[in-house]
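Just so you know, the protein sequences line up as chains L and P, in that order. All residue numbers for the first sequence refer to this note's numbering, where the first residue is 144 and numbers rise by one. All residue numbers for the second sequence refer to this note's numbering, where the first residue is 144 and numbers rise by one.
Hints were generated in silico from the structure; no laboratory data involved. Where hints are given, some of them may not hold.
Same chains, same names: a pair is fine if it fits in one copy or spans any two.
As the list claims (entries may be wrong) - Okay, derived cross-link-like pairs now, PhoX-like style, lysine-lysine, Cα gap no bigger than 25 Å in a straight line:
id, residue 1, residue 2
1, Lys234, Lys253
2, Lys197, Lys185
3, Lys331, Lys393
4, Lys253, Lys185
5, Lys273, Lys234
On a predicted model such as this, the values are computed, not experimentally measured, just so you know.
There are 2 protein chains.
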Amino acid sequence: MDKLFVIKIGGNVIDNEENLSSFLQSFASIQSNKILVHGGGKIATKIGEQLGIKSNYINGRRITDDDTIDLVTMVYGGLVNKKIVAHLQAKSCNSIGLTGADANIIPATKRPVKEVDFGWVGDVYNDQLKIDNVQLFLESGITPVFAPLTHDGNGHILNTNADTIASSLAIALSKDYDVRLIYCFEKKGVLENVNDENSVIRNINKEKYRQLLQEQKLFEGIIPKIDNAFAAIDAGVKEVLIGDAKDLLKNTTDETEGTLIN
Amino acid sequence: MDKLFVIKIGGNVIDNEENLSSFLQSFASIQSNKILVHGGGKIATKIGEQLGIKSNYINGRRITDDDTIDLVTMVYGGLVNKKIVAHLQAKSCNSIGLTGADANIIPATKRPVKEVDFGWVGDVYNDQLKIDNVQLFLESGITPVFAPLTHDGNGHILNTNADTIASSLAIALSKDYDVRLIYCFEKKGVLENVNDENSVIRNINKEKYRQLLQEQKLFEGIIPKIDNAFAAIDAGVKEVLIGDAKDLLKNTTDETEGTLIN
Numbered sequence: 144m145d146k147l148f149v150i151k152i153g154g155n156v157i158d159n160e161e162n163l164s165s166f167l168q169s170f171a172s173i174q175s176n177k178i179l180v181h182g183g184g185k186i187a188t189k190i191g192e193q194l195g196i197k198s199n200y201i202n203g204r205r206i207t208d209d210d211t212i213d214l215v216t217m218v219y220g221g222l223v224n225k226k227i228v229a230h231l232q233a234k235s236c237n238s239i240g241l242t243g244a245d246a247n248i249i250p251a252t253k254r255p256v257k258e259v260d261f262g263w264v265g266d267v268y269n270d271q272l273k274i275d276n277v278q279l280f281l282e283s284g285i286t287p288v289f290a291p292l293t294h295d296g297n298g299h300i301l302n303t304n305a306d307t308i309a310s311s312l313a314i315a316l317s318k319d320y321d322v323r324l325i326y327c328f329e330k331k332g333v334l335e336n337v338n339d340e341n342s343v344i345r346n347i348n349k350e351k352y353r354q355l356l357q358e359q360k361l362f363e364g365i366i367p368k369i370d371n372a373f374a375a376i377d378a379g380v381k382e383v384l385i386g387d388a389k390d391l392l393k394n395t396t397d398e399t400e401g402t403l404i405n
Numbered sequence: 144m145d146k147l148f149v150i151k152i153g154g155n156v157i158d159n160e161e162n163l164s165s166f167l168q169s170f171a172s173i174q175s176n177k178i179l180v181h182g183g184g185k186i187a188t189k190i191g192e193q194l195g196i197k198s199n200y201i202n203g204r205r206i207t208d209d210d211t212i213d214l215v216t217m218v219y220g221g222l223v224n225k226k227i228v229a230h231l232q233a234k235s236c237n238s239i240g241l242t243g244a245d246a247n248i249i250p251a252t253k254r255p256v257k258e259v260d261f262g263w264v265g266d267v268y269n270d271q272l273k274i275d276n277v278q279l280f281l282e283s284g285i286t287p288v289f290a291p292l293t294h295d296g297n298g299h300i301l302n303t304n305a306d307t308i309a310s311s312l313a314i315a316l317s318k319d320y321d322v323r324l325i326y327c328f329e330k331k332g333v334l335e336n337v338n339d340e341n342s343v344i345r346n347i348n349k350e351k352y353r354q355l356l357q358e359q360k361l362f363e364g365i366i367p368k369i370d371n372a373f374a375a376i377d378a379g380v381k382e383v384l385i386g387d388a389k390d391l392l393k394n395t396t397d398e399t400e401g402t403l404i405n
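Based on the sequences and whatever the hints tell you, model everything.
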């Protein structure tokens, strides 16, 4: 099977013009099939404040009301997404900017209301992705760039976690490609000692993970990321890499930086 | 050759939710190949005012400065474009939202500075459209929806007239399709008497046009539209229709409302 990289970047890359430009240079030079998924970054909050749209949080989680979904549709689906596409074109990477609504690639449903109504937030229908349309682009040499938005099939755009979009795409495409899913974040990888950037654990398999959990060595915030990584692997993704976007080029060869989970 | 409709809508459709919904219903039900090109509407001006972005005009023409290109990239490429796509998906029309930067479909250049620097405004390279990528979508049953944005190949998005985008696409696609280019506007067609909506001229060919110009019957504002229509026809487009979006369904059969130019 052909190799495919599904790479997710978040605020620490998007919010800094220099980081973004250097990341996109590395990304554009990847010769294999590749997909980019970006989060939103701080720009939506900034523009939202200027527009007088208040961020509402319940239990620390943001609520996507009518104004907020319009805001993120503009900022994630328009400003951030199309800027990335224009930059990639300038680096001779023929890309196409997409949301999950485009070509109906990522159908989702508004998150059911239990204790909290999160508003226009999407839960992806993992078994309904129109993945043949993604393959159509890849086979035509066009690199998809996804904003963290999906749709409900009833005319509404839904705000959707970028990590989820990346793993949903990676899983659906793992039937036809050897998928390496790469989560770029602000650290060099999973650290044995959270205060020491040089303590990156190079490889975590399930046995090693059990051992690390028993030893209670892991920083708490990293545990859901590792759980998600194993969920992706159990669903067919070949390997998941967690690390710093700056190490990206090394992360697309057999030599890797960061933490490889498999 | 297969039929293809390239349909352009402007503010009078986009700015009114009811008009837009009814238009999209008609559009979705067109069985032939189709492409939608939308303008911006008043929403960009409104959001721009809220963000404190001033509209600058020189000789009555808007200048697209740094803030304004970000604004229209957000609003046209994100908010308006993705809302249309989500609505079309709900009407079972599998669509994809695009700018000219996506899949490098419409390369352009920043308008050269002569007396006036219009800022980030694009002039389309008509001979460089990557039209095979548009055909890829059409052949896969995916309907392209274009925002009025192109790119310069150097990483910049460019604000570009929606009428121009529609005619550039129509011309480039006329090699492979029988193209009917439809400009929706606020009147029922070209009027013999600008004050009488019932005086629509059903058909204008070059001879008839010469005659109308001699008789000085035409409303001045319509003349550039008719000139553009004949330019498209001279470049290969089969026919151009000018009329009201409400008559759209009739405008996709042999019976037409509006003014057919050929």
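Now for the hints, and whether the structure bears them out:
1. Taking the shortest alpha-carbon separations for Lys234 and Lys253, only the inter-copy value of 18 Å comes in at or below 25 Å, while the best intra-copy value is 37 Å.
2. For a Cα distance limit of 25 Å, the shortest separation of Lys197 from Lys185 qualifies both inside one copy, at 14 Å, and across copies, at 23 Å.
3. Proximity of Lys331 and Lys393 under a CA criterion of 25 Å is satisfied intra-copy only: 12 Å inside one chain copy versus 61 Å between copies.
4. In this assembly of identical chains, Lys253 and Lys185 lie within 25 Å of each other by CA distance solely inside one copy; the values are 24 Å within and 29 Å between copies.
5. Taking the closest pair of Cα atoms, Lys273 and Lys234 come within 25 Å of each other only across two copies (17 Å); inside a single copy the shortest separation is 28 Å, beyond that limit.
Violated hints for the displayed structure: none, as all numbered hints are satisfied.
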